Amino acid sequence: MTLAIDLSNISKSFPGVKANDEINLKIQEGTIHAIVGENGAGKSTLMKILYGMLKQDFGSIKIFDNEVNFSSPKDAISEGIGMVHQHFMLADNLSVLESVILGMDRASLKVLNKSKYKDEINEITEKYSMPLNTQSMIDELGVGEKQRVEIIKVLFRGAKILILDEPTAVLVPQEVSELFNNLKNLKDSGVTIIFISHKLDEVLEIADEISVMRGGKHIDTVDASTVSKTDLAEMMIGQNLPTPPKREKNSKQDKALTIKNLTAETENGRSAFKNINFSINQGEVVGIAGVEGNGQRELAESILGVYPIESGEIILGETTINDLSTRDRRESGLSFIPEDRQSQGLLMDVSLSENVILGKQSSTKYKSRYSNIKFNEASKNSNIVIENFDVRTPGNNTLALALSGGNQQKFVVGREIENKPSLLIASQPTRGIDIGAQSLIWNKLRDARDDGLGVLLISADLDELIGLSDRIYVIYEGSFVKELDPENATPEILGSYMTGLKT
Amino acid sequence: MINFVKKHYLIILPIVFIVLIAQMDKYDQLTTSGTFGAAIRLAIPICLAGLGGMFSERTGIVNIGLEGMMIMGTWFGAWAAWLYGPWYGILAGILGGALFGLIHAVGTVTFQVDHIVSGVAINILAAGVARFLNVVAYADQPTQSSTQSPRIDGDVGDFTLPYLSGGADTPSLFGYLQDLNYPFISDIAGLLLGATSNLSYISIFALVLIPVAAWVLWSTPFGLQMRSVGELPTGSESLGVNVYLMKYIGVMISGGFAGLAGAYLVLESSGIYREGQTAGRGFIGLASMIFGNYRPFGIFMGSGLFGYADALQLRSDDAVHGLLILISLILFIFAIKQLIEKKYINSSISIALSIGFLIWFLNSETVPSEFVYFTPHLTTLIVLSSASQKLRMPQKVGQPYRKGELS
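The listed protein sequences derive, respectively, from chains A and B.
Each step along the first sequence adds one to the number in the numbering used here, with nothing skipped, and position 374 is 375.
Each step along the second sequence adds one to the number in the numbering used here, with nothing skipped, and position 49 is 68.
Source of the hints: derived by calculation from the structure; they are not laboratory data.
Please read these numbers as outputs of a predicted model, since none were measured by experiment.
Quick reminder that beta carbons are idealized off the backbone N, C-alpha and C, glycines included.
Keep in mind that a hint or two might mislead.
With a straight-line Cα cutoff of 20 Å, these simulated DMTMM-like cross-link-like pairs (lysine to aspartate or glutamate) come out [said to hold, decoys possible]:
#, chain 1, residue 1, chain 2, residue 2
1, B, LYS415, A, ASP76
2, B, LYS361, A, ASP209
3, B, LYS415, A, GLU141
4, A, LYS200, A, ASP189
5, A, LYS218, A, ASP76
Far from chain A, some chain B residues (derived; all Cβ distances over 12 Å) [to be verified]:
#, residue
6, VAL136
7, VAL235
8, LEU264
9, GLU294
10, TYR363
11, ILE378
12, PRO413
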């Protein structure tokens, strides 16, 4: 067997961080090689170096025994390396065909030979059984199809080595198994695949070999058939793998939130969600599972008062809050952890002590009699959040953008919980953060629940939903299609309801 | 056919209305060949500026410096035309605009200056540079002035379609039809006659650029790369597209178009460079770009609308009066449309405005001259604010992009 990739002594430093520290990695041709590690372990940096997006400080790269020196992704592509990024690199306004052939030709003024390209693409889609309509616009496609476009884009360039950066993060279980089938097909026809992930179950299922990275170092490479999940986890974080805390039901009789017949439409008149009925008791976590875009975001935003509703009733505690503004709703005990901390949860250019005010800026907590902001109070409270939620920061004067993603998220969650709400809407509370921060947030949410907080949890992480929720509703095309007890729910069962396979 | 009408009724209905109104003697200027001919001449600089805006924004750079680049086009166009003749003026206008496009590109692409800030700076700078150059270049001329150039002979000859419009001493079919004064047929003939007679070669050159721009952007690898850069710079970079280069080229083409628009103004309309000659046409071009949904033919429609209103106010006060009933009718259609969409508040506002225009129309014979000058801008404003089409701007327009940064 030949070596597809041979990295020796790769090092890369950023100001203050050693992202890659003397990495040695050998990958056999025609295998699936997984690279696992926490966020910040240096996986992405290594892959960017391999793909020519970054330049290593030291070390050498050999592709099929040729020493190479990449200065841009174009060089990597011409050596047969292709990368599928975690966030799809697709423009909504281009067609599938245009997306695939972008960059194939030099930027000249000759006519694009679209029909020739179309035939070539169809050849690939048939060969690897990945059906696609080349005429569709990208924004008409679902997540799984977009990923297929990305893979075809890479294969179309004759890639022999395929780098997949967290490919399953955005997929539901059924799409994941479809992807894995495609990957196995690719492997059988000789493509080498590098699979980056932090989901150990998936890695064990699909990979032949697994390399573990931690703190910029290559810890070990092991055979997937002989290693156990626990061993991998220990290599990855140096401690046991955290799981969502075990449930003990602790809900009280009083309702925190009641939703009656709630219906809303999207801007273009389609139904966003219809006839939603449920309630959350105090001290209860109610989870909502669903593929993104099935109305869960609109539902959360309509409870918050951001998204207009058509009909129905929203009752917070005992009072109907339909007619209250978002500000009034927040002041009467509603808190919200938004799904995108950077654009919705924090002001990135502002210090933590000011960020703690957000959402309560008009309440007497931070507003004095003369409408001044109580900065002392804000400073004090931000320190409380930083301490209680283990936010790693030099101080509360640090700007939010200087924190890592996990610490930003801990701060947002801490701020919302420390506001002592009666109901918390948590939308993707642990998306894209490392295991340490994740387990802290899980514990804190659980503690808050035990103190009587009602939580509406919306998450794409099905293990998180099953682990934290007391009840789970599955939302599909704007309706609740199933209520499940997490005791009996598995990601596969949830996934089949989420995709409408079962009703 | 029925589907076509359903889809485009917002374009078709106003045209039908205009033709109907033009049947009244008082308003016959609404559809004469003279009006349409003037409309095309007035529309071309705006269309060129709009195309310029499109090339820039398609690569992700907001270009409100179009006005300034157009000023450079007027000055350089006049200067080179004065020295060497009109075609050199066109060339110099393009280069002058492209030069300022280059400055905008250096600021926004290389130094990541906010696009609006850089654009405003371009506009201020261009006005100053033009005045400075004017003083220096014509210092030894008897007509020396800081705000005007000497008179320029901008004649490059013109072209009239033979047989259909009477070019080269052939009979004119459209002219004959127009003189018959049949409803619709004569009006359409007037439109075609206006569009195909006495077009200068510079105008033809400018009009040909519209399909050329569409072809470049949608049928060549170069155009695909340009569009991808405005939609998704990081992704394009990772596929080997030279994002910075594309942005530079896009903004420079943009400047070139604006410069051409400026040179056109000098050579075709006034025959002289005069300070303030562009009169905000760069900004109107930007508006026509938005109206045209960042597409060449849409931009042509948008600028044509402005040119038409502008031509009307130049040719006949009476015809402008006819526009009042047109606006009233269009608002009425809008009100019905909004009613169907259950937008009751919007609908009642439209109804109220519609009735207001109707009352004004019925109780007056002419429109005050102050209002007449304002017609083109008002028409554009009304159309822009009511254009309910789905605008789809390039996804990353106006956002800074740094090479090698993954978002």
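So, going through the hints one by one against the coordinates:
no., hint, in the structure
1, B/LYS415 to A/ASP76, "violated, 26 Å"
2, B/LYS361 to A/ASP209, "violated, 59 Å"
3, B/LYS415 to A/GLU141, "holds, 19 Å"
4, A/LYS200 to A/ASP189, "violated, 23 Å"
5, A/LYS218 to A/ASP76, "violated, 26 Å"
6, VAL136, "holds, 18 Å"
7, VAL235, "violated, 7 Å"
8, LEU264, "violated, 8 Å"
9, GLU294, "holds, 37 Å"
10, TYR363, "holds, 15 Å"
11, ILE378, "holds, 34 Å"
12, PRO413, "violated, 7 Å"
Violation of the numbered hints given earlier is confined to hints 1, 2, 4, 5, 7, 8 and 12; the remaining hints are satisfied by the structure.
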